[in-house]
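Chemist: Given next are the chains, with one letter for each unit.
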Amino acid sequence: KQEVTQIPAALSVPEGENLVLNCSFTDSAIYNLQWFRQDPGKGLTSLLLIQSSQREQTSGRLNASLDKSSGRSTLYIAASQPGDSATYLCAVRPHFGNEKLTFGTGTRLTIIP
Amino acid sequence: GAVVSQHPSWVICKSGTSVKIECRSLDFQATTMFWYRQFPKQSLMLMATSNEGSKATYEQGVEKDKFLINHASLTLSTLTVTSAHPEDSSFYICSAPRTSGGATLYNEQFFGPGTRLTVL
Chain U
13 KQEVTQIPAA
23 LSVPEGENLV
33 LNCSFTDSAI
43 YNLQWFRQDP
53 GKGLTSLLLI
63 QSSQREQTSG
73 RLNASLDKSS
83 GRSTLYIAAS
93 QPGDSATYLC
103 AVRPHFGNEK
113 LTFGTGTRLT
123 IIP
Chain L
8 GAVVSQHPSW
18 VICKSGTSVK
28 IECRSLDFQA
38 TTMFWYRQFP
48 KQSLMLMATS
58 NEGSKATYEQ
68 GVEKDKFLIN
78 HASLTLSTLT
88 VTSAHPEDSS
98 FYICSAPRTS
108 GGATLYNEQF
118 FGPGTRLTVL
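Listed in order, the protein sequences are those of chains U and L.
Taking my numbering, I'd label the letters of the first sequence as residues 13 to 125.
Taking my numbering, I'd label the letters of the second sequence as residues 8 to 127.
Keep in mind that the hints are not guaranteed to be accurate.
The calculated DSBU-like cross-link candidates involving lysine-lysine, where the alpha carbons are at most 35 angstroms apart (straight line), are [what the hints assert, rightly or not]: (1) U/Lys112 <-> L/Lys21; (2) L/Lys71 <-> L/Lys21; (3) L/Lys73 <-> U/Lys80; (4) U/Lys80 <-> L/Lys27; (5) U/Lys80 <-> L/Lys21; (6) U/Lys112 <-> L/Lys71; (7) U/Lys13 <-> L/Lys62; (8) L/Lys73 <-> U/Lys13; (9) L/Lys48 <-> L/Lys21; (10) L/Lys73 <-> L/Lys48; (11) L/Lys27 <-> U/Lys54; (12) L/Lys62 <-> L/Lys48; (13) L/Lys48 <-> U/Lys13.
Across the chosen pairs, the derived CB separations fall in these ranges [what the hints assert, rightly or not]: (14) U/Thr70 <-> L/His92: 41 to 49 angstroms; (15) U/Gln14 <-> L/Pro15: 27 to 35 angstroms; (16) U/Pro125 <-> L/Pro15: 16 to 24 angstroms; (17) U/Gly53 <-> L/Lys71: 24 to 32 angstroms.
Residues of chain U placed beyond 12 angstroms of chain L at every Cβ, according to the derived structure [as the list claims (entries may be wrong)]: (18) Ser24; (19) Ser40; (20) Asp51; (21) Gly53; (22) Gly55; (23) Leu61; (24) Ser81; (25) Ser97; (26) Ile123; (27) Pro125.
Honestly, the hints are just simulated from the structure, not real lab data.
Glycine included, C-beta positions come from ideal geometry on N, C-alpha and C.
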């Protein structure tokens, strides 16, 4: 059974700093991995999706990497801003045709102005 | 991007009553929709897969008679929490992958804003 873990559970950093969020999964046989952002009491916003054949994806100040063999992904946020404060979730999809996402435990990020 | 809406955004009900939550794909068709629940400070747990025109498939441990799912059209799925109890209080989120040419594009799912259910 796939298990997805995110460390740390919570993180506070001063504004302007670069930071890295970690996601690890126990079964490396994944189709893709997706990073989401969730604001308090809200739904999910997709940030980046990495296919199993890719090593990284970039969008603006965000960069996500994937090391499938070691079961790890990181989300790098450059020049953090207070608006980046949210909970970040990673989720893996097992294989093509299987739509069931397994979500990580989440990292609650607070950017201190 | 594709938009998924949920209604209501929050609901408070008495124990023993039933509550219906709607999930709509506003600008695309979705033959499949997913229902998740999220307890405070916890991650999303998949409850069931809603299939248009057929029965929903439920994850292990989810009572299908308690969480009734109806996927009446290509843009609407409903989750009814029957005889709700305080332990059913949670945040319920739906998601939908886009359908194109009869095929479901599972590459990316679009999530609704969630429904906060509080059972007194």
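Chemist: Under the constraints set out in the numbered hints, which ones does this structure not fulfil?
Modeler: 3, 4, 5, 16, 20, 21, 22, 23
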